[in-house]
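Q: So you can see what is in the structure, the chains are spelled out below.
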Amino acid sequence: MKIDRRSFLGLGLGAAAGIALSPVGVKLTDDSSIWTQNWPWTPVPEDGEITYDRSVCSLCPGACGISVRKINGRPVKIEGLDDHPINNGGACLHGIAGLQYLYDPARIKTPLKKNGNKFEKISWDEAISLVAGKLGEIRESGTPESLGLISGADNGSMAQLFRRFMDAFGSPNTYTMPSLESNLALTAAALHSADRSLGFDIDHSDFILSFGAAIIEGWGSPVACIQANASRHERKAKLVQVDYRLSNTANAADKIIAVKPGTEADLALGLCAVLLAKTKIAKDSLSGDVNKLAFSAMLEKEYTSDKVEAITGVKAADVEALAMAFIKAKAPVAVPGKGRGDVGQSLREFAAVQALNALAGRLNKEGGVFVMWPAGYLKFPENVMDDTAEQGAGKAKLAGSVTELVDKLEKDGGLSALFIYNANPCYALNNTEKVKAAMDKVGFKVSFSSFMDETALKSDVILPASIFLERLEDVVSGAGLAKTVVGLCRPMVKPVFDTKHPGDTLILLAQAMGDSIAEGFSWDSYEACLEEVTGDIWDTLSDDGYVVIDDKPPVGTPVTDFTFLSSAPKIDVPMGEGDFTLVPVDKMRLAGGSMISSPFAVKTVSDTVLSGKYSVVEINPATAGALKDGDVAVLKTAMGTVKVKIGLNEGIMAGVIGMPRGLGHTFNNPYVAGKGVNVNDLIGPVIEPGSGLDAAFGIKATLSKA
Amino acid sequence: MIENKKVHKFGMVIDLDKCTGCGACMVSCMSENNVPFKEDESNKKDSITWMRVYKLTNGKSFPETEIVYLPRPCQHCGGIGDHGHSPCVSVCPATATDYGYDTGIVSQIYTRCFGCRYCMGACPYHARYFNWWDPKWPEGMEKYLSPNVSPRMRGVVEKCSFCYHRYQLAREQAIVEDREIEEMEYQTACTTACPAGAIVFGDLNNPAHKVHQIVKPDPHPDPMNHKVVGKSRNPKVFRLLERLGTNPKVYYMSEREWVRKAGDNYLKGEWENVKTHHGASSSHG
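Chains A and B, in that order, give the protein sequences.
Just so it is clear: in the first sequence, position 580 is 580 by my numbering, and no numbers are missing.
Just so it is clear: in the second sequence, position 34 is 34 by my numbering, and no numbers are missing.
Watch out, some of these pointers could steer you wrong.
Stated by the list, open to error - Below are the DSS-like pairs computed for lysine-lysine, each with C-alpha atoms no more than 30 Å apart in a straight line: (1) A/LYS643 - B/LYS38; (2) B/LYS261 - A/LYS613; (3) A/LYS255 - A/LYS77; (4) A/LYS255 - A/LYS643; (5) A/LYS628 - B/LYS261; (6) A/LYS77 - B/LYS38; (7) A/LYS700 - A/LYS436; (8) A/LYS330 - A/LYS134; (9) A/LYS260 - B/LYS261.
None of these hints come from the bench; they were simulated from the model.
Here chain A stands alone, though its shape is the one from the complex (with noise of 0.2 Å):
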């Protein structure tokens, strides 16, 4: 046949309309997909009716009130609860990872007892019965005073009875980890009076002086912060920020005022000392306070404007504009506690801050700070108490401060048991060698902990806590909030492993001990604790999830005693030599203190703070010599040497290394530990007297190639 030019046109329509029309493209596809798609285990999630379930989080002190999705009652979800008066529908990436910790590899699945180096499971009642037998020959050896016990929160039924316990067995040697609300309490004890706290009416502020809180980045209670921070566009307030380096806060403020590390309280005596010289209302709400003529000649003689440059760095002429801002805007507000305000903080400095508050006049006030009552919703029955208690008990504390007591035990010892709960010392507080020989000093250590964090490793027993979304308890807010609203956490699930409520741990335990600790705690479990100890409230806590216990100012305006400011010793930190002033830096992503980060968590974290198994730090380039980005550099300080990389930051003062906070976990869990280094490890803690507080916030460093 004949190829003309007409067939051949046709051949090829004809090739390839077959072609377009052919299933082999499509099979072709689809075996490739098959082919390319084989996955050994394909998880295939049970399908069912969905739920929500209301909650609350508490795996910071900020309370917020959450929202849990499950299918079939299975969780699959966690997020912010709508219309709850902290957080208000909002969430922080910790809590939405909730469930990853619920799941968590890392968490303690039964009671451990330490046999040797390792850990072996043993039964409820065996636990229960060893550590009631020690306690029971502590009692018997006549020094009760000798069991101590370190916790987190302060507030709530917990805390309450962790202490019911430590009375009725006879010690007065409980210590809470250094916390903004600890420190709070402290600045208010120190200068109005014990048993208060101070709330910050940030909502309604609308100047912002905030030294160096990160108030984006988890100080307080972090979504109702941020939240806070957000409605400051539509509220026309401003934030001025005092800070060393740009941290999401800082960078979302209106103004930074560049300071030296460490000089933050003598930026807010200065700004004081100007107050009183300038301004009539600083001068009369003194009148009424305590020592204030010593105070406000102290500030004349060493707190003028040019002495205040020297020291902070700050510019005469910005300090007397500063504090004229302060005082003129209509709800001015100061905040204290820089990072999340935490670990490496002075009360000089935070009672500097709030001298700034009771000078302009802003204590008790709408959008200013508030001396607030502790949240008294708890009745419980009076304790029982024998001889053997009693006497204990009324024996002088140990030392004044958790830090104080791992300087003491240390040196010479002094506890012969230790009950750890919500608390992670030996990687939260600074020089976590030193805490750790610290608890090698100890014969006994008992933890409560959820997860095998560094200080439960370090533990003899372990009688393992279920965690927030496995059990009933009030979580009262606190951290910095000018409100206290107590939410009820609810279960949202059966406890995945052999855990307890660490409330009817302690109960079990006291029924253990026998005679009058029994007595004390005589209730079924935690459950009917609860219920009776929150009498008034218990029936709209549990309907409603919440209660609001008071939002509005105080009554009244609180005297101010300003003894301890007008001969506060200033203390030489940071300590050790170096061309570089080493601070941990806090960061959102990243969970400080005792808690943990999730899986998530990490995965988030931007790889200039994280990079492989190395820690990176903030350097400004100008001060970074030879070094380059990305660089593996040694840094040195007088408690530690590591490997770090080189992170070059134009957002960081010249001369200052920032280094995250909340890496360096060193606990069996490949996807949050062993990364980066705990820079807890290479600051030395420097106890400042008259508070006990470590008040170290940096230290001397040296930074060489490796």
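Go by the hints and put chain B onto chain A.
A: Using the frame of chain A, we list chain B on its own:
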């Protein structure tokens, strides 16, 4: 009979002046959509994050430095002229990715994908991710997986779907009750999580929705560049690489000029021209 139902065009506005970079959107997205995690996620080139928060800086030294956090989900491009030929859809040989003409959402059908990754090459926003490994959850952690989103297998590309399963749930409810979906009924996981309220989500075609009110999208093609449709008439609002004509449905908002300028790589002098004619001119090259 085919009813002339109103066509949705779901989109998002992210206020970069409100975003604090907290990362709640990223984690909310991951836990909503069964996104896995690995032991080391610090190499961001192979880390799967449907929603990723980038950090931009003005490059000045402290204390003049400014940072902006830019959350980047899939941009759900409408393609040249907003005709639905988004860059990834046009190149997919397996029809594994598709454009929803009734929603404006770009989908990804995992069982069809055979991992050629043309779409990843075509996406100017790096919004698509390839599964180099089968995801593994530590023992017991698979218990929190949601049945509404398929877990993905090795060898496929995945990306943000604007939480399409949430749309399906809301749509089914609305169909049962014989009504239209309301604005707050369908919201993505990142939007609901954002504690700063920086993300707004809704129907760009619906004048009652907040996204429409903020963006005020221009329904006509840009006279200077006919590829561009739906440009914002709000001078503070911009899209990423807008002049390419991919017509994303994710809009960004900022008061600051340097931030708006960071939405594209402008040649010297070019920005001045674009800026002064904002909303009218956006010719490329």
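Q: Next, verify each hint and record whether it holds.
A: Consistency of the hints with the structure:
1. Distance restraint check for A/LYS643 and B/LYS38: the Cα-Cα separation of roughly 24 Å lies within the 30 Å cut-off, and the hinted pair is therefore satisfied.
2. Our distance criterion of 30 Å between C-alpha atoms is broken by B/LYS261 and A/LYS613, whose separation comes to about 35 Å.
3. In summary, the hint linking A/LYS255 to A/LYS77 is not supported, as the alpha carbons are separated by about 38 Å, beyond the 30 Å threshold.
4. Only pairs whose Cα atoms come within 30 Å are accepted, and A/LYS255 paired with A/LYS643 is rejected, the gap being roughly 35 Å.
5. Restraint check: the Cα-Cα separation between A/LYS628 and B/LYS261 comes to about 28 Å, which is no more than 30 Å; the hinted pair holds.
6. Distance check on the hinted pair: A/LYS77 and B/LYS38 sit about 20 Å apart at the alpha-carbon level, within 30 Å; holds.
7. In summary, the hint linking A/LYS700 to A/LYS436 is supported, as the alpha carbons are separated by about 23 Å, within the 30 Å threshold.
8. Restraint check for A/LYS330 and A/LYS134: the C-alpha separation of about 60 Å exceeds 30 Å, so the hint is violated.
9. Our distance criterion of 30 Å between C-alpha atoms is broken by A/LYS260 and B/LYS261, whose separation comes to about 33 Å.
The structure fails to meet hints 2, 3, 4, 8 and 9 from the earlier list, while all remaining hints are met.
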